[in-house]
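Undergrad: Sequence:
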Amino acid sequence: MVQTITLPGVNSRLEKYAQLVISTGANVQPGQTLLVEADVEHTALVRAISDEAYRVGAGYVDVLYRDPFLRRSLIERGPHDALEFSPAWMTDRVARAAADGAALIGISSGSNQEVYAGLDLGRVGRARHAAVEREWLKAVTNREISWALIACPTERWAQEVFGEPDVDRLWEAVAHALRLDEDDPSAAWEQRLNELDQRTKILDDRAFTGLRYRGPGTDFSVALIPQARWMAGRDRTRHGQAHVANLPTEEVFTSPHKDSAEGTIRSSLPLSLRGGVVEGLELTFAGGVCTDIRADKGADLVRADMDIDEGGRRLGEVALVDRSSRIGETGVVFKNTLFDENAAAHIAWGDGISWTLDDLSVEDAHAAGMNESDTHTDFMVGSPELEVDGVGADGTAVPILREGRWVLETL
1 MVQTITLPGV
11 NSRLEKYAQL
21 VISTGANVQP
31 GQTLLVEADV
41 EHTALVRAIS
51 DEAYRVGAGY
61 VDVLYRDPFL
71 RRSLIERGPH
81 DALEFSPAWM
91 TDRVARAAAD
101 GAALIGISSG
111 SNQEVYAGLD
121 LGRVGRARHA
131 AVEREWLKAV
141 TNREISWALI
151 ACPTERWAQE
161 VFGEPDVDRL
171 WEAVAHALRL
181 DEDDPSAAWE
191 QRLNELDQRT
201 KILDDRAFTG
211 LRYRGPGTDF
221 SVALIPQARW
231 MAGRDRTRHG
241 QAHVANLPTE
251 EVFTSPHKDS
261 AEGTIRSSLP
271 LSLRGGVVEG
281 LELTFAGGVC
291 TDIRADKGAD
301 LVRADMDIDE
311 GGRRLGEVAL
321 VDRSSRIGET
331 GVVFKNTLFD
341 ENAAAHIAWG
351 DGISWTLDDL
361 SVEDAHAAGM
371 NESDTHTDFM
381 VGSPELEVDG
391 VGADGTAVPI
401 LREGRWVLET
411 L
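Residue numbers for the sequence shown follow our numbering, so the first one is 1 and each next one is one higher.
Check the hints yourself; a few may be wrong.
Below, simulated DMTMM-like cross-link-like pairs (lysine to aspartate or glutamate); rule was C-alpha separation at most 25 Å, straight line [unchecked claim]: (1) K335 to D92; (2) K16 to D204; (3) K297 to E282; (4) K335 to D359; (5) K16 to E182; (6) K335 to D81; (7) K16 to D235; (8) K138 to E76; (9) K297 to D307; (10) K335 to E310; (11) K16 to D120; (12) K138 to D51; (13) K297 to E114; (14) K201 to D51; (15) K16 to D51; (16) K16 to E133; (17) K138 to D364; (18) K138 to E363; (19) K138 to E372; (20) K335 to D120; (21) K335 to E409; (22) K138 to D235; (23) K335 to E385; (24) K16 to E262; (25) K138 to E190; (26) K16 to E155; (27) K335 to E155; (28) K297 to D309; (29) K201 to D235; (30) K16 to E282; (31) K201 to E409; (32) K335 to D51; (33) K335 to E37; (34) K297 to E385; (35) K297 to D51; (36) K201 to E387; (37) K297 to E262.
Distance ranges between label pairs, derived from CB positions [said to hold, decoys possible]: (38) A95 to Y65: 14 to 24 Å; (39) G392 to V115: 42 to 52 Å; (40) D394 to V63: 30 to 40 Å.
Hints were generated in silico from the structure; no laboratory data involved. Note that beta-carbon positions come from the ideal geometry of N, C-alpha and C, so glycine has one too.
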């Protein structure tokens, strides 16, 4: 008889979280390889995820840990050409995962900005495994993997959010946003995902040609690609495996035309970006291209991210979020994009979302106007003061969001 032991640091809350992520998030299948990418502080959650994955029949769980202090040493002391270096084994690992139709769970926390304090923000922004990120982006774009991005409360993240390392308080907020306080979190998510799918149907039926944003510091418009559909959190790989890419998710989204963004748009929440925090971000667009970047803090991080390639200064996503969501109910600014982007309407510069144009090949989607880039960065623009309208073919503006709440109804 095999003796069962208690995994160090794993409690019932982590077990419940792991069950949700394995079943509803990545939807790990018998025999499937699962890749997990996490910080060293996430060890207890990774143990729970690995245990649950093997319980449902995963073929192998491949874990890669990160340490932000090692990244700091690279940024502070490493040679310039090492900042974007990608070891061959790391790119090969991703390519193999895509070829095998593996699952992926990526775990984040706060910005770790205190770890990178005092460093040159341009170098902080450039410090990335560029080739590995390109390989992941290709796998996601081609829908070859079932993936889920989640977050794990830590004392350092709690300190950033609350000004004190109250990790239990942060766990309460995270658990509420994730519906872990429900008797059956997976069933609760099934209901919410159905509600979001209904919103995508309403938007598709309306066939808006563009969106218009008006609010403090914002006067902005963008055209939509006629062939693009609105989508919510639930997706399928090209092999037919269902998964939910973000947990939590409260958005409906589509790809805008890359040449269409016009005007100025202001962020409403801080943006955690590659180890720094961007505050008071304001972007101006003309002919689809971001021509001016201003921020109270962290503008160099944005420039480094946008200037990675030609498509970095164009838009790849527009997303609508009702602030009355579970995340909005917490009243917490998480300083984690996964959570904050699902509390407010947001926009992303960089790569477009190919599965919003599912009837087209990736090449045809780009020809239709979907952006192409090696980056994809969401920033939050929604607030009670922001008005978002859908623009019809005849130029009529129809309210979608007012005071941060969804007001669009069926035709």
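Undergrad: Now, for every hint given, state plainly whether the structure supports it.
TA: Hints, one by one, checked against the model:
1. For a cut-off of 25 Å, the pair hint linking K335 to D92 is broken: about 32 Å separates their Cα positions.
2. Proposed proximity of K16 and D204 is contradicted: the alpha carbons are some 35 Å apart, above 25 Å.
3. Distance restraint check for K297 and E282: the Cα-Cα separation of roughly 11 Å lies within the 25 Å cut-off, and the hinted pair is therefore satisfied.
4. At most 25 Å may separate the alpha-carbon atoms for a hinted pair to count; K335 and D359 exceed this at roughly 36 Å.
5. Pair hint K16 plus E182 holds up; C-alpha atoms about 10 Å apart against a cutoff of 25 Å.
6. Note on K335 and D81: the hinted pairing is violated, with a Cα-Cα distance of about 30 Å set against a maximum of 25 Å.
7. Distance check on the hinted pair: K16 and D235 sit about 22 Å apart at the alpha-carbon level, within 25 Å; holds.
8. Under the criterion of a C-alpha separation no larger than 25 Å, the hint pairing K138 with E76 is inconsistent with the structure, at around 30 Å.
9. About 18 Å separates the Cα atoms of K297 and D307, which keeps this hinted pair within 25 Å; it holds.
10. Straight-line distance between C-alpha atoms of K335 and E310 comes to about 28 Å, which puts the hinted pair past the 25 Å bound.
11. Distance hint between K16 and D120 is unfulfilled; the C-alpha atoms sit about 40 Å from each other, more than 25 Å.
12. Of the supplied pair hints, the one linking K138 and D51 is violated, its CA atoms being roughly 29 Å apart against a limit of 25 Å.
13. Of the supplied pair hints, the one linking K297 and E114 holds, its CA atoms being roughly 14 Å apart against a limit of 25 Å.
14. Proposed proximity of K201 and D51 is contradicted: the alpha carbons are some 38 Å apart, above 25 Å.
15. Pair hint K16 plus D51 holds up; C-alpha atoms about 12 Å apart against a cutoff of 25 Å.
16. Under the criterion of a C-alpha separation no larger than 25 Å, the hint pairing K16 with E133 is inconsistent with the structure, at around 30 Å.
17. Using a Cα cut-off of 25 Å, the hinted pair K138 and D364 holds, with the two alpha carbons roughly 16 Å apart.
18. Between K138 and E363, the direct Cα distance comes to roughly 13 Å. Compliance with the 25 Å bound is thereby established for this hinted pair.
19. Proposed proximity of K138 and E372 is supported: the alpha carbons are some 11 Å apart, at most 25 Å.
20. Between K335 and D120 the CA atoms are separated by roughly 21 Å; this keeps the pair inside 25 Å, and the hint holds.
21. For a cut-off of 25 Å, the pair hint linking K335 to E409 is broken: about 32 Å separates their Cα positions.
22. As the CA atoms of K138 and D235 are separated by approximately 16 Å, the hinted pair is consistent with the 25 Å bound.
23. About 21 Å separates the Cα atoms of K335 and E385, which keeps this hinted pair within 25 Å; it holds.
24. For a cut-off of 25 Å, the pair hint linking K16 to E262 is broken: about 45 Å separates their Cα positions.
25. Between K138 and E190 the alpha-carbon distance is near 28 Å, which puts this suggested pair outside the 25 Å criterion.
26. Between K16 and E155, the direct Cα distance comes to roughly 20 Å. Compliance with the 25 Å bound is thereby established for this hinted pair.
27. Only pairs whose Cα atoms come within 25 Å are accepted, and K335 paired with E155 is accepted, the gap being roughly 14 Å.
28. A threshold of 25 Å between alpha carbons decides the hint, and for K297 with D309 the separation of about 23 Å falls inside it, so the pair holds.
29. Using a Cα cut-off of 25 Å, the hinted pair K201 and D235 holds, with the two alpha carbons roughly 15 Å apart.
30. The straight-line distance between the Cα atoms of K16 and E282 is roughly 40 Å, outside the 25 Å bound, and the hint therefore fails.
31. Using a Cα cut-off of 25 Å, the hinted pair K201 and E409 holds, with the two alpha carbons roughly 11 Å apart.
32. The suggested pairing of K335 with D51 is violated, with an alpha-carbon distance near 29 Å, which exceeds 25 Å.
33. As the CA atoms of K335 and E37 are separated by approximately 20 Å, the hinted pair is consistent with the 25 Å bound.
34. For the suggested pair K297 and E385, the alpha carbons sit about 22 Å apart, so the restraint of at most 25 Å is met.
35. Between K297 and D51 the CA atoms are separated by roughly 41 Å; this puts the pair beyond 25 Å, and the hint is violated.
36. Distance check on the hinted pair: K201 and E387 sit about 21 Å apart at the alpha-carbon level, within 25 Å; holds.
37. Restraint check for K297 and E262: the C-alpha separation of about 24 Å stays at or below 25 Å, so the hint holds.
38. The supplied range of 14 to 24 Å is met by A95 and Y65, whose beta-carbon atoms lie about 20 Å from each other.
39. Separated by about 48 Å at the C-beta atoms, G392 and V115 satisfy the suggested range of 42 to 52 Å.
40. For the pair D394 and V63, the supplied restraint of 30 to 40 Å is violated, since their beta-carbon distance comes to about 54 Å.
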